[in-house]
Amino acid sequence: MTYRSHADLGGKSGYGRVVPEPEGELFHAAWEAQALALTLAMGATGAWNLDMGRSARETLPDYARLSYYAIWIEALEKMLIDRDLVGKDEVTAGRMLHPPRTVARVLRAADVPAALAKGAPTQRVAATPARFAVGDEVRTLRTAAPHHTRLPGYARGKIGRIERVHGAHVFPDTHAQGLGEQPQWLYTVVFDGRELWGDDVARGLSVSIDAWEPYLESRA
Amino acid sequence: MAHDHEHEHSELGEQELRVRALQSVLSQKGYIDPAALDVLIDTYQTKIGPRNGARVVARAWIDPTFRKWLLEDATAAIASLGYTGRQGEHMVALENTESRHNMVVCTLCSCYPWPVLGLPPTWYKSAPYRARAVRDPRGVLADFGIRLPESTEIRVWDSTAEVRYLVVPRRPAGAEGLSEEELAALVTRDSMIGTGLPKTPERRA
Numbered sequence: 001m002t003y004r005s006h007a008d009l010g011g012k013s014g015y016g017r018v019v020p021e022p023e024g025e026l027f028h029a030a031w032e033a034q035a036l037a038l039t040l041a042m043g044a045t046g047a048w049n050l051d052m053g054r055s056a057r058e059t060l061p062d063y064a065r066l067s068y069y070a071i072w073i074e075a076l077e078k079m080l081i082d083r084d085l086v087g088k089d090e091v092t093a094g095r096m097l098h099p100p101r102t103v104a105r106v107l108r109a110a111d112v113p114a115a116l117a118k119g120a121p122t123q124r125v126a127a128t129p130a131r132f133a134v135g136d137e138v139r140t141l142r143t144a145a146p147h148h149t150r151l152p153g154y155a156r157g158k159i160g161r162i163e164r165v166h167g168a169h170v171f172p173d174t175h176a177q178g179l180g181e182q183p184q185w186l187y188t189v190v191f192d193g194r195e196l197w198g199d200d201v202a203r204g205l206s207v208s209i210d211a212w213e214p215y216l217e218s219r220a
Numbered sequence: 001m002a003h004d005h006e007h008e009h010s011e012l013g014e015q016e017l018r019v020r021a022l023q024s025v026l027s028q029k030g031y032i033d034p035a036a037l038d039v040l041i042d043t044y045q046t047k048i049g050p051r052n053g054a055r056v057v058a059r060a061w062i063d064p065t066f067r068k069w070l071l072e073d074a075t076a077a078i079a080s081l082g083y084t085g086r087q088g089e090h091m092v093a094l095e096n097t098e099s100r101h102n103m104v105v106c107t108l109c110s111c112y113p114w115p116v117l118g119l120p121p122t123w124y125k126s127a128p129y130r131a132r133a134v135r136d137p138r139g140v141l142a143d144f145g146i147r148l149p150e151s152t153e154i155r156v157w158d159s160t161a162e163v164r165y166l167v168v169p170r171r172p173a174g175a176e177g178l179s180e181e182e183l184a185a186l187v188t189r190d191s192m193i194g195t196g197l198p199k200t201p202e203r204r205a
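In order, the protein sequences belong to chains A and B.
Heads up, the first sequence is in the numbering used here, so the first residue is 1 and it goes up one at a time.
Heads up, the second sequence is in the numbering used here, so the first residue is 1 and it goes up one at a time.
No wet-lab data here; the hints were simulated from the structure.
Among the hints, erroneous ones may be present.
Stated by the list, open to error - Below, in silico cross-link-like pairs of lysine-lysine (DSS-like), each with a Cα-Cα straight-line distance of 25 Å or less:
1. Lys47/B to Lys78/A
2. Lys29/B to Lys125/B
3. Lys29/B to Lys78/A
4. Lys12/A to Lys158/A
5. Lys199/B to Lys68/B
6. Lys118/A to Lys199/B
7. Lys29/B to Lys88/A
8. Lys199/B to Lys29/B
9. Lys12/A to Lys125/B
10. Lys88/A to Lys78/A
Please read these numbers as outputs of a predicted model, since none were measured by experiment.
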C-alpha cells in the first residue's frame with residue numbers, strides 16, 4: 001500500500017482567505033479541550049511517539065473534511081485500536097469490555113506541570129560529523145518517501161543553502177515507523193521564492209524548511 | 001439555513017458524546033488520570049499563552065544584553081524567564097528589521113511554540129494559512145490588514161522539525177519611556193507569528 005499524507009498543504013491553491021481570530025479564543029466546543037487533553041495524556045503513556053501520532057493524523061482518509069481536533073480524536077481512536085489498547089466495541093459502547101493492557105506510564109494530575117515544563121527534547125549526541133556547513137548549496141530529494149517524512153512536497157528537488165546547523169535530532173522518518181530514533185543532523189535550508197514557485201512569485205521572498213541530512217545532497 | 005444550523009448542532013453533540021465515551025473507556029482502563037486532563041486544560045487556558053512571549057519580546061526591546069542572548073540562544077534566554085518545555089524544547093528567535101519581515105508557519109501540521117504562545121489559533125492550523133503562507137505571504141498579511149513596503153524582504157519559516165520559532169517584532173515608534181509591562185501589552189500574538197504588528201502606544205487600550 002502506498003503511503004499518502006493528506007497534510008502536505010504548502011503552496012496548494014484554492015483554499016481561500018485566512019480568517020483571523022482573537023487571542024483568547026482557544027476552543028470552540030468543550031470536546032475540543034477534552035480532545036487535546038486526552039491526546040496529550042495518552043501520548044504520555046509511551047504507547048506511541050510524536051512521529052507515529054503525526055503519521056496517524058496525516059494519513060486519515062477524511063483529513064481534509066475534518067476539523068483540527070476531530071482529526072486528533074479520529075487518530076487517537078485509530079492508534080488505540082491498532083495497538084489493541086481499546087477495542088472497537090468499547091469505543092462504541094463507551095465503557096470497558098475487555099481487561100486493560102499495560103502501559104509504560106500514566107500521567108498523574110500532580111505530575112502534569114513538571115512533565116510539560118520538561119517537554120521532550122529531540123536533540124541527540126551526533127554519531128558522525130555534519131556533512132554540510134553554513135553557506136553550502138544543497139539539493140533536496142526529488143522523490144516522495146513511501147512513509148512518514150517531514151520534507152514538504154513543495155521543497156522536493158529544489159536547490160537551497162544551509163543557513164543554520166541544529167545538531168543531530170531524532171529522525172522522524174524512522175521514528176514514525178518504529179525503526180528507532182536514528183538521529184540525523186538537522187539544518188535550516190533556505191530557498192529563494194523563485195526556486196520554489198517560479199518567476200511570477202513576488203520579489204524578496206525566501207522560504208526555509210528544517211531538513212534532516214538524509215533529505216539533502218550536495219549540489220555539485 | 002435553519003436546517004443547516006440544526007445539522008451542525010447535532011454533529012457537535014455527536015462529537016461531544018464520542019469524546020466523552022472515549023474518555024470513559026480510557027479512564028476505566030486506567031490509562032489516564034481524569035484529574036490530569038483538567039490540569040492540562042487549565043494550564044493552556046490560564047497559565048501558558050501569548051502573554052509569555054510578549055514578556056520575552058518586551059525584555060528584548062529594553063535590554064540589549066537579553067536581546068543578544070535571545071538571538072544567539074533563544075532556548076536558554078527564554079528559559080531564564082521561566083518558559084520551558086513541551087513544544088518549545090528547541091527555540092529560535094527571529095528579529096524583524098526595517099528590511100526584513102519574518103513569518104512562521106507549519107505547512108505539514110501545526111507546530112507552534114507552546115511555552116511562549118500557548119496553543120495555536122484556528123487559522124494557524126487551517127488549510128488556507130498552511131497552503132498560502134509559503135507562496136503568498138503578502139496575500140496572507142493582507143487578510144490580517146497588514147501591508148508592508150514593497151522593499152521589505154519576507155522570510156517564511158516552515159517549522160518542519162522540532163525547532164520552534166518566535167518572531168521578535170520591531171518596537172513601535174513612540175514607545176520610549178514605557179515600562180517593560182506596558183511594552184509587553186503592545187505585543188500581540190499575531191506579531192510574534194509574523195502575521196501582525198505590535199500595537200502602537202496610542203492604541204494600546
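* Would you check the hint for Lys12/A and Lys125/B, treating anything up to 25 Å between C-alpha atoms as holding? => 15 Å, holds
* **Pair hint outcome, Lys118/A versus Lys199/B [Cα-Cα no greater than 25 Å]** => With Cα atoms ~33 Å apart, Lys118/A and Lys199/B exceed 25 Å; violated.
* Going straight from one Cα to the other, do Lys88/A and Lys78/A come out at no more than 25 Å? -> Distance of about 9 Å is within 25 Å: holds.
* Taken at face value, is the distance from the CA of Lys29/B to the CA of Lys199/B at most 25 Å? -> 49 Å, violated
* Given pair status - Lys68/B, Lys199/B, alpha carbons within 25 Å -> Since the Cα atoms of Lys199/B and Lys68/B sit roughly 23 Å apart, the hinted pair holds (cutoff 25 Å).
* Are the Cα atoms of Lys29/B and Lys78/A separated by 25 Å or less? -> 17 Å, holds
* Can the restraint linking Lys47/B and Lys78/A be considered satisfied, given a maximum Cα separation of 25 Å? -> Violated, because 31 Å separates the two Cα atoms, which is more than 25 Å.
* Asked: Holds or violated: Lys29/B with Lys125/B, Cα cutoff 25 Å?
  -> 32 Å, violated
* Lys12/A paired with Lys158/A [C-alpha distance capped at 25 Å] -> 17 Å, holds
* Satisfaction of hint between Lys88/A and Lys29/B, Cα-Cα up to 25 Å -> Status holds; Cα separation ~14 Å.
Hints 1, 2, 6 and 8, counting from the list given before, are not met by this structure.
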